[in-house]
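Hints in hand, dock the two standalone chains.
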Amino acid sequence: MGKVIGIDLGTTNSCVAVFENGESHVIANTEGARTTPSIVAFTPSGEKLVGQIAKRQAVTNPENTIFAVKRLIGRKHDSDEVKRFSSFAPFKVEKSENGDAWVQVKDRAYSPQEISAMILSKMKDTASDYIGEPVEDVVVTVPAYFDDSQRQATQDAGKIAGLNVLRIINEPTAAALSFGLGDSQNRKLAVFDLGGGTFDISILEIANGVFEVRSTNGDTYLGGEDFDQEICSHILNEFKAEHGLDLRTDKMALQRIKEASERAKHELSSCEETDVNLPFIAADESGPKHLTTTLTREKLEELVRDLVERLVSPCKLALEDAGLRREEIDEVILVGGMTRMPIVERKVVEIFGKAPNKGVNPDEIVASGAAIQGGVLKGEVSSVLLLDVTPLSLGVETQGGVATKIIERNTTIPTSSGQVFSTTEDDQTVVSIHVVQGEREMAADNKTLGRFDLVGIPTAPRGVPQIEVSFEIDADGVVNVSAKDLGSGKSQAIRVTASGGLSEQDIESLVTEAEQHTQADRDRRDLVELRNKADGLVYSTERTLEEFAENVTAEDRKQLEAAIEKTRASVKGDDAVALRAVVDELSALTYKMTEQLYAELGGDDTE
Amino acid sequence: MASELAPTEIVALARLIDELDYYQLLHLRRGASISEVKQAYHFSSRAFHPDANRHLSANLQAAVATIARRITEAYSVLRDPGRNKAYLQHLEAGHGVRMQLSEARAEAGRRAVEQKGRTPQGRQYYNLAEAELRREDFAAAARNLQTALTFEPDNEFFKAQLKEAREKIR
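As given, the protein sequences belong to chains A and B, one line each in that order.
Quick note on the numbering used here: the first sequence kicks off at 7 and runs consecutively.
Quick note on the numbering used here: the second sequence kicks off at 6 and runs consecutively.
Bear in mind the hints are in silico, worked out from the structure with no lab data behind them.
There could be a bad hint or two in this list.
To be verified - Below 27 Å or equal to it, Euclidean Cα-Cα: the simulated DSSO-like pairs (lysine-lysine) are: (1) K360/A / K322/A; (2) K384/A / K165/A; (3) K121/B / K194/A; (4) K168/B / K43/B; (5) K257/A / K101/A; (6) K453/A / K490/A; (7) K90/B / K411/A; (8) K322/A / K121/B; (9) K43/B / K411/A; (10) K322/A / K411/A; (11) K194/A / K173/B; (12) K598/A / K539/A; (13) K322/A / K43/B; (14) K82/A / K98/A; (15) K43/B / K121/B; (16) K121/B / K411/A; (17) K194/A / K43/B; (18) K257/A / K82/A; (19) K98/A / K165/A.
Just chain B, with the same shape it has in the complex (with noise of 0.2 Å):
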């Protein structure tokens, strides 16, 4: 619970959190994978959560508030891979810390097309591997992000995709 902060602590957190990157909100690297991401925004809901904080006063409730809202923009944003990749160009190229939903969504679609495959075969075997990620069943997304690789051995994406979860086997 965000009672873990002190009063004075969360008041400075809310007045800084304009400064503060998507990243930096949920205590994550950059380039954290999905799963990390979805811990990390469960984690500091318990914390900021309007409803875990009922009994703060008034001033601490406002200032609670502001946090959590910005904890879920920020998820919103890196829970997606499109956006998140979009989100770290954004952050690169020095255009602030918050993302305009119309730029993730541009930038997110172009992705896409990459992202999806671009030969049916591609698309199939990679379909695949996304819900073995999704299970966390990486040696088996591994395999079949490996057999897309062959249909589109030029795929920038796929290879992304197969470095991590190659890295979560060990």
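So that you can see chain A by itself, here it is in the shape it has in the complex (with noise of 0.2 Å):
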């Protein structure tokens, strides 16, 4: 049976984890690295980069390197997130067919989905590589406060990327499997969870191996990303003040000075200050211009003070939510590398009125927890369960547009409720439904999960016919409805109006082309290898024919030259097969030619 992997697909950085053993290790890419940059940059000759060689190329090509895209994927290009992104994004975010938020690069837009899949296959083989087979079971996790349409969206990624996705869990959830697994002790965890994108916060309570999930809440768009976004504000402002130089308009400077002032963010978690250094930022007239600046911790500060503060009404009400006073907290755990800012801390502290535990490593724990779930789905750890939430009320639009909620913010999963419906018409033989998701009070507030129509309703007064729908959620929070004519007893038919995402169709074909390319950057390696072989072996055939000139007859000879300048006119080539033949001939003599070696001059080596 092959292993199971868990993948912490982040805004910024991801990570992998194997289960094996009954327990699960967080592995090393092949730049040696425990996590990688979620980054993906297309090349001037074309070539596709994933991970910190994509990051490191990123000042000279801001307009192919595509960052964060985990903030786009499942949403609409109108919606305020997305306008948000794309007002400082140095690619250049479109809008697709369906009204999703793509990303254009050169003639060609990708969906968030297709940037996500190339990272998660970058993390898949990262784990082969690792294992020494192909993996294709995985976990993947996801921030708990997605809806239902980024949930999709990424499930769909893990098809692209050649994934069997066992399940797709919510990051606290899999911190706090991290956590608990194989401890005894029966308590109430609460998990901070501030990444690159996303917060979340989550209330569990542990009984005898089972984590139920009391309440989640959070926001889908706050991290590391909005944090480096106002320091690098702060920094712009700054310059232009002083050199009356704006340089939002230069995507590379804005480059340089994005990843500068990561740096200080992360420098500023240890230091009280540190400086910026960026020579030849820019030029005007007088000459060449260099940023250089001093950043405090304080300034720092003072600079995320508005967003530090967003992270307090969540917590209020994932606690409210889960019926929990914070002294009835045992634990708080702080997942995510932002939660080693001291100012987060701190908050975090005021919230809850307590320490929190520093006994994880926030960066991998997500990985690691996912690949323990990913262990329970396939039956090898079984003391273990795992009772999730949904995060956000589903409903349906009901008279004067208002959302009559169905099933409640969390709400364990999977479940069901059913609610009745009729006709408010005579004769009326098809009803509409609106299904939502979202706590707004409003329909056209929240986000429209799906469109369908109840048909072939026998004909009555209005309000006669019952026609009872369920409403599902799975295991995966997956949204899923049937319904019942209550007075025949028969299931009722339904006709799906509307939709968002990619198409099965359109999954179908991305993973045909995915594969493709698989196979395309499978025939460049090769290609590469095969070169290198044969310079290897057209310098060791010279010094061989060089040393032993006096042994080596005139015909041998000639036939080997010849054979050693096809190859070297083949290795200019792109022709891997023509390449090969000639390698392979060239090998063939000059096997020939050291085994008569050594038969005349009766080397040792017997063979």
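This is the structure:
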């Protein structure tokens, strides 16, 4: 049975862990790092780069280096979040046919699902290299506060990457699983997860191996990227005030400032002040301009005060929904790189009235928990059972555009709930139902999950037909609807009229495309390896010919030299088949020569 | 695990699910306490949660999923004291085995006022008692409920809670 992996697909960094021998281990990538930047770049030569190598070239290629695509996934192009994102992204965010936000690279538009799939593939390769065989089964994590379309989109990304997604689980829940595994104590946890792009707070109760999420809350658009942005704006404003130059229009300068801001933020978690030095950032008539400034922790904390304040209300709501007072929480666990920031930690202490647990690695615990859940789903761990909740209320639009709740937020899943519908006119045969997700009072302010019609209702006076619609949320958090005519007891036909994201066909064609790319990538790698081999062979053959000049017959020499020439010519081309043929020929001749040499010189090596 | 039930029993239970009320689904007597509800739900979840049943055939997994959804539906109503009481009334009035969320909320809302107490002192002592009930410290809860009742002698909800707490002490 193949091994199962867990992937924490983060906004800024991703992490992969494998479940083996009853434990989960984080796997380092080929560069030796335990997390990989969630960045994909397309180079001018048409090459695709993922991870650290993509991050490294961002400054020189800002328009084609895609980062933080998690902030776009499953969102509409016209949403406020996407507008905010595009206002500072150096790459183009476009509107797709179905209204989703996509990214434009050169002449091709990519869905966030495709970009995420490239990151997932990189993580998958990291795991496959470590395990020594291809992996397929995976548990992928998402922010607890992600809605249905964001979850579906993440699942689709997994499919495009050729992965079998066993389950999408919530990041804070995964962290709790990793924290509480093998712990027999019954206790109540708060998991405070502030990552690169999202903020989640989850309250859990652990009792006898059952991990029951009591409530979850958060903000899917609040994270490290926003903090970096505040620093960035501050540096830009300062520079403008001093030099009268606005660097906002210069993408390369902007990218350098963005990276420097992130670095400064990191340093200020352990130092009181740090210098930002960016020479030759711009030039005007008077010559080149350098950006040099000092940032103190105090200044940083002043810049991000509003962001930090936004952490408070989700925590209070989560406690309230869990029906717990803060004194009843036994442990507060910090997850996500942003929790290293002293002001964030102080806020946590202020909110929960106790110091957080510092025994976990905030960058790795989510992937590690995801791998454990993979073990549970594979039947390798039977002591643990995870009972998660749906983060958002599910409802339908009723008279006057009001959203009537059918399943409340923080209801344990999988679950179902029934709602009886009837007709509003005599002899009405179709009832349309608009399903929405969210907490707002009006349906239009919430997110549309889908629209469907109850069709073929027997003709009757208005209000007489009684159709019970069962709304179901499965363990993945995905919503299904079924209906039954209470009069006849027969199941009622449903016609789905709208949904978002990628269709099954879209996904299939993307999977094929990704596979072709994988093939192309593999071919390219094979060619490079072959060229190296050819070069090596030419070199060693020439050395041998030189060294044993008198022992090689003129005829053999002629043959060998011809083969070397052919190989040299072939190495310059792109034809792998032709190259392989000449390399094989040359290596056969070389073997023959060495054999003869050994025989002649009576070498000790008896083959 | 669900393997304790034979495949035919799982299928039969799934088919029967629309007939069972929330107490029957969780194998509880009517009027079971909140902590009993929780225990019963955890027990049933170990058996029927889809995560614990991935080794079953697709057909059986579908049946198990149906059961799992319905036991959670039962739990979400019964674990809330207000909704639990409202559901009892709903059953006794012969309104069918499922309760719509809107109905549960309206009923629970009306009860919430009574539940939390009508006087500031009643509310204060009831809140203390509620926390102690959750910690299963029934003696302390009973003391605070008694105090709450001195401020609101006719609060039926407080009386019922006190009775339950006293039973637990024994």
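Structure-based check of all given hints:
1. K360/A / K322/A: Holds, at about 15 Å.
2. K384/A / K165/A: holds, 19 Å
3. K121/B / K194/A: OK: K121/B and K194/A at ~24 Å, within 27 Å.
4. K168/B / K43/B: Measuring from Cα to Cα gives roughly 20 Å; hence the hint holds.
5. K257/A / K101/A: holds, 22 Å
6. K453/A / K490/A: Holds, because 26 Å separates the two Cα atoms, which is no more than 27 Å.
7. K90/B / K411/A: Within the cut-off at roughly 20 Å; holds.
8. K322/A / K121/B: Judged against 27 Å, a Cα distance of about 20 Å means the pair holds.
9. K43/B / K411/A: At roughly 24 Å apart (the allowed maximum being 27 Å), K411/A and K43/B satisfy the hint.
10. K322/A / K411/A: Within the cut-off at roughly 22 Å; holds.
11. K194/A / K173/B: holds, 23 Å
12. K598/A / K539/A: Status holds; Cα separation ~18 Å.
13. K322/A / K43/B: holds, 24 Å
14. K82/A / K98/A: holds, 15 Å
15. K43/B / K121/B: holds, 22 Å
16. K121/B / K411/A: holds, 24 Å
17. K194/A / K43/B: holds, 15 Å
18. K257/A / K82/A: holds, 25 Å
19. K98/A / K165/A: The hint holds at about 25 Å.
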